Amino acid sequence: MESALTTGLDAVLGLSRGESFRIDIALSIAPGRTVALLGPNGAGKSTAVAALAGLLALDRGRIALAGTVLDDPEENVFAPPEARRVGVVFQDYLLFPHLTVIENVAFGLRSRGTGRQEALAVASEWLARLGLSEQTRKRPEALSGGQAQRVALARALATEPDLLLLDEPLAALDVTTRVELRHTLAQHLDTFSGPRLLITHDPTEAFLLADEICVIEGGSITQTGAPDDIRLRPRSPYVADLAGANLVTGHASHGLVDAGGHLLHIVGTEVSGPVLATIRPAAISVHKRQPEGSPRNAWPTTIDLIEHLGERVRLRVGDPLPLAVEITEESSRELQLVRGSVIWVSVKATEIGVEPYAGSHIG
Amino acid sequence: MTGLAADRKRPGRRPLPALIVLAGLGLALFVIPLLGLLGRVPWRDLPELLSSDLVSDALRLSLVTSLTATGVSAVLGVPLAWMIARVEFPGRALVRGIVTLPLVLPPVVGGAALLFALGRRGVIGEPLNEATGLLLPFSTWGVVVATTFVAMPFLVITLEGALRSLDARYEGAAATLGASRWTVMRRVTLPMIGPSLVAGLVLTWARALGEFGATITFAGNLQGRTQTLPLAVFVALESDRDTAVAISLLMVVVSLAVLIALRERWWRAL
Numbered sequence: 411m412e413s414a415l416t417t418g419l420d421a422v423l424g425l426s427r428g429e430s431f432r433i434d435i436a437l438s439i440a441p442g443r444t445v446a447l448l449g450p451n452g453a454g455k456s457t458a459v460a461a462l463a464g465l466l467a468l469d470r471g472r473i474a475l476a477g478t479v480l481d482d483p484e485e486n487v488f489a490p491p492e493a494r495r496v497g498v499v500f501q502d503y504l505l506f507p508h509l510t511v512i513e514n515v516a517f518g519l520r521s522r523g524t525g526r527q528e529a530l531a532v533a534s535e536w537l538a539r540l541g542l543s544e545q546t547r548k549r550p551e552a553l554s555g556g557q558a559q560r561v562a563l564a565r566a567l568a569t570e571p572d573l574l575l576l577d578e579p580l581a582a583l584d585v586t587t588r589v590e591l592r593h594t595l596a597q598h599l600d601t602f603s604g605p606r607l608l609i610t611h612d613p614t615e616a617f618l619l620a621d622e623i624c625v626i627e628g629g630s631i632t633q634t635g636a637p638d639d640i641r642l643r644p645r646s647p648y649v650a651d652l653a654g655a656n657l658v659t660g661h662a663s664h665g666l667v668d669a670g671g672h673l674l675h676i677v678g679t680e681v682s683g684p685v686l687a688t689i690r691p692a693a694i695s696v697h698k699r700q701p702e703g704s705p706r707n708a709w710p711t712t713i714d715l716i717e718h719l720g721e722r723v724r725l726r727v728g729d730p731l732p733l734a735v736e737i738t739e740e741s742s743r744e745l746q747l748v749r750g751s752v753i754w755v756s757v758k759a760t761e762i763g764v765e766p767y768a769g770s771h772i773g
Numbered sequence: 027m028t029g030l031a032a033d034r035k036r037p038g039r040r041p042l043p044a045l046i047v048l049a050g051l052g053l054a055l056f057v058i059p060l061l062g063l064l065g066r067v068p069w070r071d072l073p074e075l076l077s078s079d080l081v082s083d084a085l086r087l088s089l090v091t092s093l094t095a096t097g098v099s100a101v102l103g104v105p106l107a108w109m110i111a112r113v114e115f116p117g118r119a120l121v122r123g124i125v126t127l128p129l130v131l132p133p134v135v136g137g138a139a140l141l142f143a144l145g146r147r148g149v150i151g152e153p154l155n156e157a158t159g160l161l162l163p164f165s166t167w168g169v170v171v172a173t174t175f176v177a178m179p180f181l182v183i184t185l186e187g188a189l190r191s192l193d194a195r196y197e198g199a200a201a202t203l204g205a206s207r208w209t210v211m212r213r214v215t216l217p218m219i220g221p222s223l224v225a226g227l228v229l230t231w232a233r234a235l236g237e238f239g240a241t242i243t244f245a246g247n248l249q250g251r252t253q254t255l256p257l258a259v260f261v262a263l264e265s266d267r268d269t270a271v272a273i274s275l276l277m278v279v280v281s282l283a284v285l286i287a288l289r290e291r292w293w294r295a296l
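Listed in order, the protein sequences are those of chains H and C. Just so you know, we're using our numbering here: the first sequence kicks off at 411 and counts up by one. Just so you know, we're using our numbering here: the second sequence kicks off at 27 and counts up by one.
Don't read these hints as lab results, they were simulated from the structure. Among the clues, some could well be false.
[As the list claims (entries may be wrong)] From the derived model, a few chain H residues whose C-beta atoms are all more than 12 Å from chain C:
1) A460
2) V479
3) Q501
4) H611
5) Q633
[Stated by the list, open to error] Now the stretches of chain H that chain C is said to cover, found in silico as 3 or more residues with beta-carbon under 8 Å:
6) 461-467
7) 480-492
[Said to hold, decoys possible] So the derived label-pair ranges between C-beta atoms look like this:
8) E535/H with F115/C: 41 to 51 Å
9) E590/H with V57/C: 56 to 66 Å
10) F488/H with D193/C: 35 to 45 Å
11) A49/C with G523/H: 56 to 66 Å
12) S206/C with E485/H: 54 to 64 Å
13) V279/C with A581/H: 48 to 58 Å
Being a predicted model, the structure only gives us computed values, none of them experimental. Glycine is no exception: its CB is placed at the ideal position from the N, C-alpha and C atoms.
So that you can see chain H by itself, here it is in the shape it has in the complex (with noise of 0.2 Å):
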């Protein structure tokens, strides 16, 4: 407690609704860091965001932030949403559709006591940080799903938050979209000092942007650690197929990328310069021998390690590029695969994902 954590967040957040929900989580996040609370779908990550933020009261166990206790049912703390400084950008990102964007900005500020124009020249200056100052004076509906996300980061930080929350920040974007500005989100979450915690179903973004991603399954946290390492080794087939995507970080040109001194052949070659690509394990296929037709991407290497996970088996094949692979039980037996095998691997041009990176987070 009285570590490096007492600026930080350290939560342990119990809540139960009926007999039927149930949530009990801990998280700890120093300052300057960004954990990723991973999980699909209802398995508790918005009701973590809610007790938080002061939204819900916990049930049982913890919030201290910044060395404050901000909820503890059992000392009777609770300190409302309006006494924390977290600050929020909620999914769809809640912009007051009755305030122009200054006015969003300011809102904070607003509240907390700081006289309009001085709210207003702080807004505006964090406006022009994130590149909206010709939005200023327009109406939330008028702007782009981009625009609005970097308004409702600008408004969350406005207010000098302990605690920086971000939901699903990027679910309401379109495809093209959600990738630009991954990588602006990115940016803009370095520039904030404090700790930082992601709420995603998404692994691509949980892996760009977080320091450590933390798997939540049905209340629990079933895996914690660094971004490869939950690549890496998945500890149950659901971590496997959520964090299952091989990424591979190297630098493209002319159609090829050097990944640490091997060559994957990928489709087009406009792309250039420093890259992230996504292989699907599955997307991988295993032979005893060089395959024949000769695919551009085949290379020879060893089995680290097999996984069977049910129907499905799950290798980390090691040098010149690891990566997971996953094949059906099926073709793994008649390939008498053991660990130290020497195997051929094989993968499409057009089954690696590529798309231009310029992050740090992935080692």
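Keeping the supplied structure of chain H fixed, place chain C upon it in accordance with the hints.
This is chain C only, laid out in the frame that chain H set:
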């Protein structure tokens, strides 16, 4: 299934003749009395009739009492709608029933009930009179009370609906930004239900302006003190038909002006 239903619907696009006839009759019910009124208007004497003492007293009184009743309704009705819509308490359904009762109750019954409660000998009226000397019946304040009794339910039910359909997450968002509950109400909830609030207030005011039964029963019919426009029409019908018609025309014009002012976008808020 859906294809069949759609096919069956198609001939229905041309309304049935019977429907047109009945709808026309319905419309006639509203149009004919208006025409009857317009046909009787003594257009030439209108300025003179409308500037008589009877009319100007009644007009002034009607404006003062209806606006005051609307103000009282706002001050008391907004919290009442809030409680019914947002706070769970035992007997909430009963409270909602009681509040909406004046909508269906004959106003004259409401006026009689007010008289029994607040009259000189009433359960509350008597001690109130002894303590403060205040006597509501047959006073202008009595008109306000009777009018508020009849008109405030319009505001309450309009607002209750609006508060129920408002996404409460906006209020949560405001709270996380540091807004106190009072600030949330003032800067988020009320502005967001603004259209309904305006519509409810205008309806309340229009109902207050037209109030007759409860007023005449509880407050009587004293020119300059409790005789509002509808009461003046009632009196004038007995003695001076032209004046009655002139006042009626005035009220039709005012009501139409309200409807036009509300426009479609306000109505949608209901």
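So, going through the hints one by one against the coordinates:
no.: 1; hint: A460; in the structure: violated, 8 Å
no.: 2; hint: V479; in the structure: holds, 18 Å
no.: 3; hint: Q501; in the structure: violated, 9 Å
no.: 4; hint: H611; in the structure: holds, 19 Å
no.: 5; hint: Q633; in the structure: holds, 29 Å
no.: 6; hint: 461-467; in the structure: holds (count 3)
no.: 7; hint: 480-492; in the structure: holds (count 3)
no.: 8; hint: E535/H with F115/C: 41 to 51 Å; in the structure: holds, 45 Å
no.: 9; hint: E590/H with V57/C: 56 to 66 Å; in the structure: holds, 60 Å
no.: 10; hint: F488/H with D193/C: 35 to 45 Å; in the structure: violated, 24 Å
no.: 11; hint: A49/C with G523/H: 56 to 66 Å; in the structure: holds, 59 Å
no.: 12; hint: S206/C with E485/H: 54 to 64 Å; in the structure: violated, 24 Å
no.: 13; hint: V279/C with A581/H: 48 to 58 Å; in the structure: holds, 53 Å
In the structure shown, a violation is registered for the earlier hints numbered 1, 3, 10, 12, in ascending order.
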